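*Asks:* Read top to bottom, the protein sequences are chains S and V.
Numbering-wise (the working numbering), the first sequence opens with residue 1 and increments by one.
Numbering-wise (the working numbering), the second sequence opens with residue 1001 and increments by one.
Result set (DSSO-like, lysine-lysine): computed pairs, CA atoms no more than 27 Å apart in a straight line:
#: 1; chain 1: V; residue 1: K1007; chain 2: S; residue 2: K611
#: 2; chain 1: S; residue 1: K637; chain 2: S; residue 2: K653
#: 3; chain 1: S; residue 1: K601; chain 2: V; residue 2: K1024
#: 4; chain 1: S; residue 1: K258; chain 2: V; residue 2: K1009
#: 5; chain 1: V; residue 1: K1050; chain 2: V; residue 2: K1007
Calculated directly from the structure, the hints in this document are not laboratory data.
A quick note: this is a predicted structure, and the numbers were derived from the prediction, not measured.
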Amino acid sequence: MATKTKAGPTKYEISINGKTATVVEDTYLLKAVMDAGFNVPTLCHHKDLTPDGTCRLCLCEVETNGKKKLVTACNYPVRSEIKVKTNTEEIKKHRKSLAEMYLGRWPNVETIQNIAKLCGATDKEKYKSDITDENPKACILCGHCVRACSSFMIQDILGFAGRGIKRHLTMPFGDVDPHCVGCTSCGYVCPTGAIQITDEMNNPVDPELIRRHGMKVNAEMATLDKMQNRMREVGTANIVEVMDAYDLLPVHNFKFGKHPDTHKIDSKVMTRDYFTQGAADACWLGCSMACAKAVDGFELKTGPYKGEKVVVDGPEYETAAGGSNMGGFDLDFIVEYNFYCDTYGIDTISFATTIAFVMEAFEAGIITEEHTGGKKLNFGAMDEALECLHEMARGEGFGVEVGQGVRRLKEKWVKELGADPEFLNDIGMEVKGLEFSEYVSKESLAQQAGYAMAIKGPQHDEAWLIFIDMVNNQIPSFDDKAEALYYFPLFRIWFGLLGLCKIVWNDVAPADNSKYPPQEAAKIPEHVENYWKFFEGMTGIPVDEDKMLLQAERVFNLQRLMSYYFGRGTREDDMPPLRAIGPATVEEYLSREERYDKQMKEEIGIDPEGKSAEEKLAITRDHRFKQYNKVIDAAYKRRGWDENGVPTVERLKQIGIDIPEVMALLERPDQ
Amino acid sequence: MIEVNNKEKLDWFEGMTVQDVLDKMGYIYPRITVSVNDQLVNKEDYATYKVPDNARVNVFHLAHGG
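Same shape as in the complex, but just chain S:
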């Protein structure tokens, strides 16, 4: 009986050799048959590749409304209540004939011999002919390599040419295609050994080990990505609408986490109206994740290239979210500022966060048109924001000031305009002089600390902990948060040391990752192991969690000490602006009043009833800074740093970097 529900998939009860099975609509019959415990021979089928149906060995009988037909089970999607038989006399006869033909052509290939045995074909002579290939490693034209090239790598380097008995595997025009990057996916999936990898370009110690683990990532991208983060389709911008739904998308200088116009800049619009390229073209050809996207033929409306049609690399999530942060809910604007930032060599995140700060200062009356060169820089003033960008590049006007970034703007406005330093420090989203990247961290203590403690400044490449902390609530205590602030920054630094991309760590996950308990699942253990094996395969040195953390911790502490030596890298440098840890204005408080009142009552133990918004804001501010200080206390302790955030001698000894050159960094010249 078919079961259809409002939001769920349709399921069918089907009969397989008399056994009833419940199958989700569009499941391929071969999977349903195998899941039900029946074995069906296959040759062209591969678990990680799209089905092809060419070898015909998986033939099954399907009966619908009394009508019977033979279908190839590997590419037959279940879409009705059917009766299936996998091994009738007719099927056995077909399979045997096919297997005899395969055996006649490739009598010494082990894969063929196994299939023949399974199908009861023993006569090697029956179909022996001029095209019989005695090579035990002959190509059997299964097509695995062609499909791997296409689905793993999004390339079509390999293909078939010729028809009938002349069909053969080739590269275009029978020549070696210079676009082949030597990813070796074809060799990995070849069942006979016809494709051998002979050139190991980087001389790894154990190329097979690297390949085994690399191919797992390729296979996950080919089979799982479309149901997970859609990195190939839309790249990192897939989370624009997700962040909005979780109140985490920065809007108007991080005041808010969502906006009714987000649908104008979400990944659906990008995919539908903007992205024209999605090939593996960005970091390097051969990356199976292929998350970089491009917009072709984009006509610029401003600046030195006005009227010209250009190719724009992006936008990525942070660039799109920079748009919402400036109140620019228009993808034409986002793509344009993306292009000009790239062209001028300006970081889109710093630009957007600085402009968002300028806009808030303008709306608060701290600066006026007199200071901005006549530009009305309210939130959403997209033309004016772009003009600031062009001025910045030309070295003219107000844009030059904007180009100094949030920290210097704060200092300048306090000094020259007599602006309130507390207000500017509360809303100026920078730490260590670097502008915040585009996530609202107010409701996640671990994310706040991950941002503000990061050595380079508030960038989430050390720790992105919003989901496991705020949403999953799996690190509720300060010690739990400290542990996450120990492990994840070290792990992420470790891939940086190796020059490996972190996106293939966690923007796709193995289908069975949920078998681990949540604390472990968050690390994606199988993917961490991939990285260890890449390291071992390249260097010959086995690595495990302890060794990985030690390697990273040495560098992490050295970086922190260098920062300390040069006058940064202490507690005061790890302090975030109020807006990063909670509401900074009455307007913000009132926008989420119910949430903040509830927290005041349940977490702080103060009844908000009868208190003014200003009083409640002050109480929340005080509480949030106390909480923040507690979390960094716990994190410092876990990292082996003192209460000022400086690595202790004891810790340096433990991790084996207490050499004179490193110890000298503890002697700060300014103290």
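Given chain S, work out where chain V should sit, using these hints.
*Replies:* Structure of chain V alone, referenced to chain S:
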């Protein structure tokens, strides 16, 4: 009343499904794992799996990378 991720409380109603919980919480991220009273629920069953009253529902979101 049910509890989501040991934190959020939701009013329970007769026939409440996992999908109802996800909709109420606004959980639209695709890479989640759901358990109800420690029982894992498959994605294809979200719309039909009934959540009992007083259930502990855990919706584990995998981190996004960036």
